[in-house]
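Engineer: Got chain A; can you put chains B and C on it based on the hints?
Protein chains in written order, with the numbering used here: chain A, 191 to 586; chain B, 2 to 437; chain C, 74 to 164.
A few of these clues could be false.
DEER-style ranges, computed between Cβ atoms [what the hints assert, rightly or not]:
| hint | chain 1 | residue 1 | chain 2 | residue 2 | range |
| --- | --- | --- | --- | --- | --- |
| 1 | A | 356 | B | 225 | 55 to 63 Å |
| 2 | A | 389 | C | 130 | 21 to 29 Å |
| 3 | B | 87 | A | 316 | 20 to 28 Å |
| 4 | A | 287 | B | 121 | 49 to 57 Å |
| 5 | A | 256 | B | 364 | 50 to 58 Å |
| 6 | B | 38 | A | 356 | 55 to 63 Å |
| 7 | A | 245 | B | 125 | 43 to 51 Å |
| 8 | B | 87 | A | 470 | 35 to 43 Å |
| 9 | B | 195 | C | 132 | 46 to 54 Å |
| 10 | A | 260 | C | 132 | 32 to 40 Å |
| 11 | A | 282 | B | 44 | 49 to 57 Å |
| 12 | C | 132 | A | 282 | 32 to 40 Å |
| 13 | A | 470 | B | 382 | 36 to 44 Å |
No lab work stands behind these hints: they were computed from the structure.
Quick caveat: nothing in here was measured; it's all calculated off a predicted structure.
Backbone N, C-alpha and C fix where the C-beta goes; we use that ideal spot for every residue, glycine too.
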Amino acid sequence: MPRVVVIGAGILGLATAYNLAKRGVKDVLVVDRAYLCGGASGRNGGGVRAQFSSETNIRLMRESIEICRDFATEMKINVWFRQGGYLFLTRTAARARDLEENVALQNRCGLPTRMLDPSELHRIVPELSSEGVRAASFNPGDGVVFPWPFIWGYARAAKDLGVTVRPFTEVVGFETRGGRVTGVRLRPTRLSPLDATDEVLPAGDPYTEACDDVVLCAGAWSPKIAALLGLALPNKPHRHEICSTEPLKPWLGPLVADLTDGLYFSQSMRGEIVGGVAVEPVPEGVNQQSSRRFLTTYARALVRAIPTMAGVRVLRQWAGCYDLTPDGSPIVGRVAEPSNLTLACGFMGHGFMMAPVMGRLLAEHVVTGQTSPLFARWGLDRFARGELEHENMIIG
Amino acid sequence: MAPRRILPADLPPDSALARRLVAHRPTARVTVDHDGSPVDAVAGEPLAVALLGAGTLTLARSVKYHRPRGAMCLRGDCDGCLVRLDGVPNVMACQTPVRAGMVVQSQNAFPTAGLDVLRVTDWFFPKHLDHHHLLVQFGGALNRTMQVFARRMAGLGTLPDAVAAFPRAELVAVDALVVGAGSSGVACANAIARGGASVLLVDEREGPGGTRRDDPTDDAAYPGCDPAVTARYGAGAVATYEDETLLLHDGRGVSVRARARVFATGCRESVGTFPQNDVPGVFTARACALALCHGVLCGERVVVVGDGPFARALVAALGARVTHAPGAAVVEALGGRAVRGATLREGARTWKVKCDALVIDGEDSAAYELAGQAGARVLWSDGRRCFVPESDADGATNYTGVYVTGSLRWGRRAPDARARDGALTGARVLRDLEGR
Amino acid sequence: MTAKAMLCRCEDVTLDEVMEALDAGHHDIESVKRYTGFGTGWCQGKQCVLACARLLAQVTGRAPEMPITPRPPLHPVPLGVLASLGGDEEG
Chain A
191 MPRVVVIGAG ILGLATAYNL AKRGVKDVLV VDRAYLCGGA SGRNGGGVRA
241 QFSSETNIRL MRESIEICRD FATEMKINVW FRQGGYLFLT RTAARARDLE
291 ENVALQNRCG LPTRMLDPSE LHRIVPELSS EGVRAASFNP GDGVVFPWPF
341 IWGYARAAKD LGVTVRPFTE VVGFETRGGR VTGVRLRPTR LSPLDATDEV
391 LPAGDPYTEA CDDVVLCAGA WSPKIAALLG LALPNKPHRH EICSTEPLKP
441 WLGPLVADLT DGLYFSQSMR GEIVGGVAVE PVPEGVNQQS SRRFLTTYAR
491 ALVRAIPTMA GVRVLRQWAG CYDLTPDGSP IVGRVAEPSN LTLACGFMGH
541 GFMMAPVMGR LLAEHVVTGQ TSPLFARWGL DRFARGELEH ENMIIG
Chain B
2 MAPRRILPAD LPPDSALARR LVAHRPTARV TVDHDGSPVD AVAGEPLAVA
52 LLGAGTLTLA RSVKYHRPRG AMCLRGDCDG CLVRLDGVPN VMACQTPVRA
102 GMVVQSQNAF PTAGLDVLRV TDWFFPKHLD HHHLLVQFGG ALNRTMQVFA
152 RRMAGLGTLP DAVAAFPRAE LVAVDALVVG AGSSGVACAN AIARGGASVL
202 LVDEREGPGG TRRDDPTDDA AYPGCDPAVT ARYGAGAVAT YEDETLLLHD
252 GRGVSVRARA RVFATGCRES VGTFPQNDVP GVFTARACAL ALCHGVLCGE
302 RVVVVGDGPF ARALVAALGA RVTHAPGAAV VEALGGRAVR GATLREGART
352 WKVKCDALVI DGEDSAAYEL AGQAGARVLW SDGRRCFVPE SDADGATNYT
402 GVYVTGSLRW GRRAPDARAR DGALTGARVL RDLEGR
Chain C
74 MTAKAMLCRC EDVTLDEVME ALDAGHHDIE SVKRYTGFGT GWCQGKQCVL
124 ACARLLAQVT GRAPEMPITP RPPLHPVPLG VLASLGGDEE G
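Looking at chain A on its own, in the form it has when it is part of the complex (with noise of 0.2 Å):
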C-alpha cells in the first residue's frame, strides 16, 4: 500500500488526508509545523459562497456548500453553518458591470443569485449605508462557518481512519531518487519565544520518513518548501488581517463585502463582528504581525457602510497570510519533477472555502493518477504555458 505524506495540516490537508483514507489509502501521514488551526485555517473569516466569476470556482463552491451543510451530522462535530447569504456590493460603474456579467453566469450555472434595487439591500440589511454605492448581488445560499471544528472533524476522522496527525513537526528537506520523492526529512518544533509572530524553533534533531507520495498543502509556507526540491512556485505569501469585535444580539444576516475597498464583515455565531479589509502595502513573506494602520483602515470603511458601529468596540486583532498566485486561481496537482509529488497550493484566500470539494478531488488524483480537465487547467504548468485562468470575485 503507498504511503503518502501530506504537508500541511490545515483543511485541505486534512481533508485530502481523510478522503485518501476513506478510499482506503490508509497509511497516510500529515505534518504540520505549529498546532492545529495555527495557519490560515485557524485564521480566515468563515466565509462560504458560490458567487465567483468562473464557471470552474462557482460548480466547485456548490459542491463544498453541500458538504458544509451535511459536516455536522456527518462528521459529529458542530461548525455552526449558517447560510445568511453574501451581499456583494460597488461602488464603481467598472465593478457594477462586473456583478451583472458574474450574476448572469451564475443564473446560468444554477445559483439564484440576484442584483439588489436599493429597497431590498435595505431590507436585508438594514443598518447599511447605501451612499455611492451602485450596485449589489446577493445570493442567499452563501454562508459562514466557524472554521476550527472543521480541522478538528477532518483530524478525528481521519484519525480513525488510521492516519497519522502529528503537529509540530516542520519539513527541512527532501530525498529523492529518480526523479521521485522517497523521504521527507522533518524536525520536531516548538513555538518560539522569540516573538509573537508565531514562529517555530527547532526542538530535536531531524529524521526521515519515507513515501511513495508527497501531496503539499502548506499555503503560504508552499513556495518556501517546495524550493527545497528545487521546484519554483509563483505564488507568494500576502499578510491579511482581520479583526473581531465585542459580541452583540444578531443583527446582520449576510457576509457583506465591498469589492471597491476589499471590507468584508459577517456576524458570527458568538454574535462578534467579524471582517477585514485590503490594506497595501503589505511585508514581504510570511508575516502573522497585528497592525494598528489595518484596525484604522478597517474602521472607517466599516463606519462608512454601517454608521452605528462607530460605538462598537474592537476586541482583538490578529493575522493570517493569503496565498497568491499572478492570475488568481490555485495551483494543483501533480509536477513533471518530482513525478510523486502533489501541489495544492495558492488559493489566493479562499482556500477554506474550497477545501470540503478539493480534498476529495485531490485524493481521487493521488489514488487513480488521473489528471481531470479541471486539474490539468490548474496545474503549474499552466504559467509555462501562459494559458492564465483569472478570477476577478477576489475579496480583500
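Structural biologist: Then chains B and C, alone, in the frame of chain A:
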C-alpha cells in the same frame, strides 16, 4: 445584607481610612438611573462602586448559562460590571466615572438581571454545555434548529442606539513613554526627564499612585512627578504595536510614537478557580479595598481569605468587621444568585463560613500583555507561577526600545523598592537613548 | 445547585470543559484556547490565561513556555476611535 456606604463617623477617627474618606469627602452628590430606579452616587467615583454602594450586586447575566454577573475585580480585567450606558452596550462600569443623569441598563437578562428565566440553561447543563457535539447525533433538521436558537441566545447587548461621534485623534512623539504611574512608573519617568529626554507618563487612573491608591491604610502623599514629565491621567494604553502605542484619553484616541517604551503595568488580581467562583459577592481583595477607599463596604459579613498586602490592609482598616482566614484556601463558594457563604480549607481542616462578601487575595500575576504586544518576550516563571516579560538587570527586554519595571518584573514589593527599580530602568533608558 | 467552577467567566468556560479538552488531546495552551474558547471573550484572557496555565502545569506536569499570543487591543476600543487615527494617507 448587601454592600453599602460607610461614613468616616463609622470608623476610628485616627485611622488612615477615616482620614482618606474625610480628605475625599464627596463634593457633588448626583443621581443616576439604574433600570428605572434612581441611585445616589458621587460624581467622579467609578460607576460600579456607586452601584455597589446602592446595594446592587447583580448587574447582568453571563453569555451562555445566564448566571448572575456582578463586579469582581473593579480594575477592567473581567466581564463582571458590563452594563448598557446611555444607549451604548458593554460599558465597563468600573472604568466609568459617574456623571449626573447617566442611564444604566442591565444586559443579557430576561426579564431582569436579578431574576432571569434563561438561567435554566445553567441547570440543564450541570457540568458544561458541549457546543461542539450538541445535537450532532440527530438529523440535520434538528441540528439546524438548534443552531438558529443558539444564534439567538448569543451575544451581549445590542447595537448602539445612535451614531457616536469621536474627536479626531492626537498624534504625539516623545523620546520615552512610560505606561503606569505607580511607584515605579513615576520614579522611572522622573529619572528620564531629569536626564533631559522628553517623557510622557500615562495612567488609566485619575492620578498617580497605582496600587497605593487602593490601599485603605495608606494616606501618605504620593511622590510627585518632576515638572519636566508630561503626565496624562485617565489615559490608558489600549494597544501596542512594533512602532506605536495607542492610548484612550477621556474617550479620545492618542497615537504615541516613542523611541523608548517602559511598561510599569504592575500586577493583576484574580480569585482563582473553584466552584461558584463567579457568583456575585466574590471579590478580589483589591476590588474590596478599592471600593472601601471610595467609602463603600462590599458586604455586611465580609470574609477575607489569603494573606497578601490587600488582605492585610483590609483587616487593618476594618478590624473586627471582617473575618480573616489568612492561611485558608477556598474550596467552594456557596449561594446561587449571590454569595452566602464558603467552604474553606487549611491543611486537613475544612469548614464553612457564612458571608455576603467573599474576598480573596490570591496569587497576583504580571500584567504582561502590553509589553508582549510591543514585542517583548514573555515566558513562564516557575517562581512567580505566572507569565513575565523577560528582562535584564535594568529592565530592558529582548526587543529594542521596550522596557519593563516595578511589580510587573518582580511581583508585589514595597513602594520604595518599586521606586528604586523604576529609577534603575529610567537610567538605563537614558543611556540607551543617548547611545542610539 | 450547579456548582460550576468558571475558568473563563467571560465565555462561561468551566474547569470541567477544559479537562475534557485535555482528554480530547488538546495539550498546548493555543489548542486548548481554540477548543474551549477560553480567553476569547470580553477580557481576552486577563483572568483566564493564568488559570489555564496553572491547570496545565498541574495536570501535565509542565507549564506552557509562553502564554497565548497577546493580541491587541488590551481593552476593547471603539471603531470610531480607530477610524479617527492616522493621517489621510491611511484612508
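Engineer: Assuming the hint says 49 to 57 Å, is it satisfied by the Cβ distance from residue 282 of chain A to residue 44 of chain B or not?
Structural biologist: 51 Å, holds
Engineer: Just tell me: holds or violated, for the beta carbon distance of residue 38 of chain B and residue 356 of chain A against 55 to 63 Å?
Structural biologist: 60 Å, holds
Engineer: Between residue 87 of chain B and residue 470 of chain A, does the beta-carbon spacing fit 35 to 43 Å?
Structural biologist: Holds: the Cβ-Cβ distance is about 38 Å, inside 35 to 43 Å.
Engineer: Hint says 55 to 63 Å; check whether the CB-CB distance for residue 356 of chain A and residue 225 of chain B agrees.
Structural biologist: 59 Å, holds
Engineer: Can you tell me whether the CB distance of residue 260 of chain A to residue 132 of chain C sits inside 32 to 40 Å?
Structural biologist: Holds - the Cβ-Cβ distance for residue 260 of chain A and residue 132 of chain C, about 36 Å, lies within 32 to 40 Å.
Engineer: For residue 389 of chain A and residue 130 of chain C, compare the CB-CB distance with the range 21 to 29 Å and indicate the outcome.
Structural biologist: For residue 389 of chain A and residue 130 of chain C the Cβ distance comes to about 24 Å; the hint holds.
Engineer: Falls inside 46 to 54 Å, the C-beta gap from residue 195 of chain B to residue 132 of chain C?
Structural biologist: 50 Å, holds
Engineer: Mind checking the hinted window 32 to 40 Å against the Cβ distance between residue 132 of chain C and residue 282 of chain A?
Structural biologist: 56 Å, violated
Engineer: Return holds or violated for the Cβ distance of residue 87 of chain B and residue 316 of chain A against the range 20 to 28 Å.
Structural biologist: 23 Å, holds
Engineer: Could you tell me whether the CB distance from residue 245 of chain A to residue 125 of chain B stays inside 43 to 51 Å?
Structural biologist: 48 Å, holds
Engineer: Within 50 to 58 Å or not, the Cβ separation of residue 256 of chain A and residue 364 of chain B?
Structural biologist: With Cβ atoms ~52 Å apart, the hint holds.
Engineer: Using the Cβ atoms, figure out if residue 470 of chain A sits within 36 to 44 Å of residue 382 of chain B.
Structural biologist: 41 Å, holds
Going down the numbered hints, you'll see the structure goes against just number 12.
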